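Could you put the whole structure together from the sequences, leaning on the hints where they help?
Listed below, chain by chain, are the residues.
Number of protein chains: 2
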Amino acid sequence: MNRSLFRLLALPLFLVVAPDFSAQEKDKPKPRKKRPAPVVSPTIHENGDVTFRVKALGAEKVSVTGEMVNGRLTLEKDGKTGIWSGTLEKVEPGIYGYSFDIDGVKQVDPGNPALKPMRSPRTSVLHIPGGNIFDFDPEIPHGTVHVHGYYSKPILRYREMRVYTPPGYESNDDEHYPVLVLQHGHSDAGSTWTEYGKAHWILDNLIAAEKAVPMIVVMLDGHPIPESYGNGRSPENTDELRRDLMKAALPMVEKFYRVKPGRENRAIAGLSMG
Amino acid sequence: MNRSLFRLLALPLFLVVAPDFSAQEKDKPKPRKKRPAPVVSPTIHENGDVTFRVKALGAEKVSVTGEMVNGRLTLEKDGKTGIWSGTLEKVEPGIYGYSFDIDGVKQVDPGNPALKPMRSPRTSVLHIPGGNIFDFDPEIPHGTVHVHGYYSKPILRYREMRVYTPPGYESNDDEHYPVLVLQHGHSDAGSTWTEYGKAHWILDNLIAAEKAVPMIVVMLDGHPIPESYGNGRSPENTDELRRDLMKAALPMVEKFYRVKPGRENRAIAGLSMG
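Residue numbers (my numbering), protein chains in the order written: chain A, -2 to 271; chain B, -2 to 271.
Check the hints yourself; a few may be wrong.
Each pair may be met inside one copy or between any two copies, as identical chains are not told apart.
To be verified - Okay, derived cross-link-like pairs now, BS3-like style, lysine-lysine, Cα gap no bigger than 25 Å in a straight line:
#1 LYS74 to LYS103
#2 LYS58 to LYS77
#3 LYS87 to LYS257
#4 LYS208 to LYS74
#5 LYS244 to LYS257
#6 LYS87 to LYS74
Read the hints as simulated data drawn from the structure, not as lab findings.
None of these values were measured; they are calculated from a predicted model.
Dropping the structure here:
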């Protein structure tokens, strides 16, 4: 780990000073070694075409697979630069998981910071906005996603919980809200609902359209036992999840957030394993 | 995108029911196609050794590079399974970024869900706990990281802000806190402070040890202009960051959070570009 953060934070507050690299450079006027420009991928063109690019000098076969393509898109190599590229025509607005296949190894797009949170991270996210319920709408108010890291005493494990609060939650002190628990599918993670599924933006949109009541949404990681990933059904995993939810997570939500009481204000939903 | 989430959320609240897959399976008793077990990587052994593994059937050379190894660790292939593996001896407790190099393509470890958030995602995170200030301590109280997605009117862009609030923030209504803004280095992202740097755990530890006063920490993405990544210094990028921070982000923090007023309660720090 780069220790700079620790050194900075270990200093007393307000004595913190960012290092002045410009001064250092004046003393040592060595020219920086110029790195090649990063490979940009994907590029969403105005006509809806999408171009994928990846540098793989020695590779023999490179293709793209994903939710926006039937089968695979075979990329072609530029012999000079070693950059493989290919274009999909007229991709509909939407959110798509996709991967590069470089000589048989499925992997994320190193040109794209948007990754689908998964147990086995091999999937990048292509989001083409365009009138969908899961798009971010700059014209409406937005909720907040709160990340709690905690040690769950009922199962003796470190756990993370994400809590969505609806628009206006921070600005009023009186309103109380019902609680929905969302559970993800096998191989995903607690953050997949928001990072990939855009659950928070869907809720913002539904609430703004008065198609959903303002609510608090709780998203837990569904694999408290890491080894439960990839090994079929695990009653032990489900049991740990239940105990963590009922005895640690929900009590924390009820303590920290303004929630309505009672079973008529609790719901749970999910997809696949969830 | 898998539309299940939308379908679920579009239903009226409390009518939501998770599909009952067990019943479906009774009707259609086809055996599932058994997938091979996932490749586990990395494995941290009790003696401090760390084993890395990746499946790459057709690859010719696979190695690991990273902050915990001088040069590179060359992996060896199991001819039957196509799984490459290798072990580093006695790795000190710490947090390390590392990558696989498969025939010259640097990439994340697909066996490890912990990724370093970067503009060009090629780096996984190995965290070996052991008495460091950046470890999660189950014995002390913990703060919360709040994620705000917003449309920044001063720069006309979608932006994300992470806000750390110290332990106890949710349980008291009166206390007000000073504000520290943290800016990350070139090629990182706003979430790198927490996902990789564990800034929130460092603060929890320092506050518990009374080495830091409880404070609110604001973490913004330092590349409001995406093209500023990889293209050297960008005064335009710095200017957008400044306007977003001063005219959108900080006003939001001052509206939503209990912060102490005045310049004596504001600080900014960062590393490298930050």
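How do LYS87 and LYS257 come out at 25 Å by Cα distance, when the copy is not named: within, between, both, or neither? neither (46 Å within a copy, 51 Å between copies)
What label fits LYS58 with LYS77 when the C-alpha limit is 25 Å: within, between, both, or neither? both (16 Å within a copy, 23 Å between copies)
Given a CA cutoff of 25 Å, do LYS244 and LYS257 count as a within-copy pair, a between-copy pair, both, or neither? within (18 Å within a copy, 35 Å between copies)
When no copy is specified for LYS208 and LYS74, does a C-alpha distance of 25 Å or less occur within a copy, between copies, both, or neither? Answer is neither; intra-copy 48 Å and inter-copy 55 Å both fail.
How do LYS87 and LYS74 come out at 25 Å by Cα distance, when the copy is not named: within, between, both, or neither? Within. Shortest intra-copy distance 22 Å satisfies the 25 Å Cα cut-off; inter-copy 41 Å does not.
Measure nothing new, just compare the shortest in-copy and cross-copy C-alpha distances for LYS74 and LYS103 to 25 Å and report within, between, both or neither. both (18 Å within a copy, 18 Å between copies)
Of the numbered hints stated above, those contradicted by the structure are hints 3, 4, listed in ascending order.
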